[in-house]
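Enquirer: The residues making up each chain are set out below.
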Amino acid sequence: MKRTGRGFWRLMMALALALSLGMDAAMAEYADVVLNSQAEAQGVRPVIYPHWFHRIRFRCKVCHNELGFQMKVGANNIDMNKILDGKFCGMCHNGDVAWGTEFCDRCHSGLPGLKTGIRGGSKSTGPGEY
Amino acid sequence: MNALLKWLAVIWAVLLWSAAPLPAVAGPEKWTPLEKDGLHDPQGPAIHELQQPGEALSQMPPDSVGNQVRWVEALRKGVINPRTNILPETKIQVLDQDLIYGNTGDNWFVLFPHKAHTEWLDCANCHEGVFKSKFGATGFKMMDILAGKACGQCHGAVSFPLTECRRCHSIDPGTFKGKLGPQQAAGGKP
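Sequences listed follow chains W and E, in order. So the first sequence is numbered by my numbering: it starts at 1 and just counts up by one. So the second sequence is numbered by my numbering: it starts at 1001 and just counts up by one.
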């Protein structure tokens, strides 16, 4: 118990709280992102962005450096016009690097009513502002 | 009162840890199919055109947390070879330098491997925004990380979660004889 002081116990409690808060979304794959600030309002399904699928094919630096995606869900203000202009998703989803924008339903694949945010099981959702 | 809270926290944590999925099964059934994941609409017209997590992730080095995959190991072993850039002019930088943080309170010291991080990320993803380049100049605490700041911007969201204390707090202060800060010789733990 020599190295186990107050800070440790506070940390344990914070961690336990964080874990139990994250438990309700324990089905989706770790780091799946829901994007629905505009999709449903425009009459299409919310976008499900799977980090795992993209990580197999691209390193983080491609999207978060070259393509300019900020590392915070909802911070990028993406809309379909920007994608069609070749920005954000449109840097790759142009029928050249990856499938083009005519395959609407591959990205707009979410259940109605989902809220924008990062999801996923296997102890993912931390308490923070991701 | 304080002692009671402590023991409640321990019991709570143990229960949560024991409820975590075990890494024993390696088949695709370890991963939830898209149509049952609570996010994808099973009625979506393109649902069957999408790759299933189990199909891809069961081929990779297993883990017990996150995507249940050791991403750094998968990259190093060549199981996956994700692209480093789209634009031909982008400079790819990998830094092989470990940092050892000593100001860790009750916990073990932290070994931060630049190599594992820069194999995935660009320098600009952390410097100078999230972290200042000068060692020790940023000043962050574990509580900041738990709140999604500093390391917590990725760890707990997309890279291995904050339940895995010993993956970062990997240096026993009782036996550590070296110097804190940037290490001369590279090639620490991945």
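Hints may be right or wrong, so weigh each one.
Dumping the calculated DSSO-like pairs for lysine-lysine here, alpha-carbon to alpha-carbon at most 27 Å [unchecked claim]:
| no. | chain 1 | residue 1 | chain 2 | residue 2 |
| --- | --- | --- | --- | --- |
| 1 | W | 115 | E | 1036 |
| 2 | W | 72 | E | 1091 |
| 3 | E | 1132 | W | 115 |
| 4 | E | 1115 | E | 1134 |
Under 8 Å between C-beta atoms, here's a sample of chain W residues computed to sit facing chain E [said to hold, decoys possible]:
| no. | residue |
| --- | --- |
| 5 | 69 |
| 6 | 82 |
| 7 | 103 |
| 8 | 109 |
| 9 | 115 |
If you want the ones that stay clear, here's a sample from chain W, every Cβ over 10 Å from chain E, calculated [claimed, not checked]:
| no. | residue |
| --- | --- |
| 10 | 80 |
| 11 | 85 |
| 12 | 91 |
Simulated from the structure, these hints should not be mistaken for laboratory data. In this text, a Cβ means the ideal position worked out from N, Cα and C, and glycines have one as well.
Enquirer: Does residue 80 of chain W clear chain E by more than 10 Å, comparing its Cβ with all Cβ atoms of that chain?
Expert: holds, 17 Å
Enquirer: Please verify that the nearest CB of chain E lies beyond 10 Å from residue 91 of chain W's CB.
Expert: violated, 6 Å
Enquirer: Would the hint on residue 109 of chain W stand, with a C-beta cut-off of 8 Å toward chain E?
Expert: holds, 5 Å
Enquirer: If we take the beta carbon of residue 85 of chain W, is the closest beta carbon in chain E still more than 10 Å away?
Expert: holds, 16 Å
Enquirer: Take the C-alpha atoms of residue 1115 of chain E and residue 1134 of chain E, compute the straight-line distance between them, and say whether it is at most 27 Å.
Expert: holds, 17 Å
Enquirer: Would the pair residue 72 of chain W and residue 1091 of chain E pass a check requiring their Cα atoms to be no farther apart than 27 Å?
Expert: holds, 24 Å
Enquirer: Within a Cα-Cα threshold of 27 Å, do residue 1132 of chain E and residue 115 of chain W meet the stated pairing?
Expert: Roughly 34 Å between the alpha carbons, so the hint for residue 1132 of chain E and residue 115 of chain W is violated.
Enquirer: Hint residue 69 of chain W vs chain E: min CB-CB distance below 8 Å?
Expert: Result: violated, 10 Å to nearest chain E Cβ.
Enquirer: Using Cβ atoms only, decide whether residue 82 of chain W comes closer than 8 Å to chain E, and label the hint accordingly.
Expert: Violated. Min distance 16 Å.
Enquirer: Measure nothing beyond the straight line between the CA atoms of residue 115 of chain W and residue 1036 of chain E; if it is 27 Å or shorter, mark the hint as holding.
Expert: holds, 18 Å
Enquirer: The hint names residue 103 of chain W as touching chain E; please verify it with the least Cβ-Cβ distance against 8 Å.
Expert: The hint holds - residue 103 of chain W has a Cβ within 8 Å of chain E, the shortest such distance being about 7 Å.
Enquirer: Per the CB criterion, is residue 115 of chain W less than 8 Å away from chain E?
Expert: violated, 11 Å
The structure is inconsistent with the numbered hints 3, 5, 6, 9, 12, although it conforms to all the rest.
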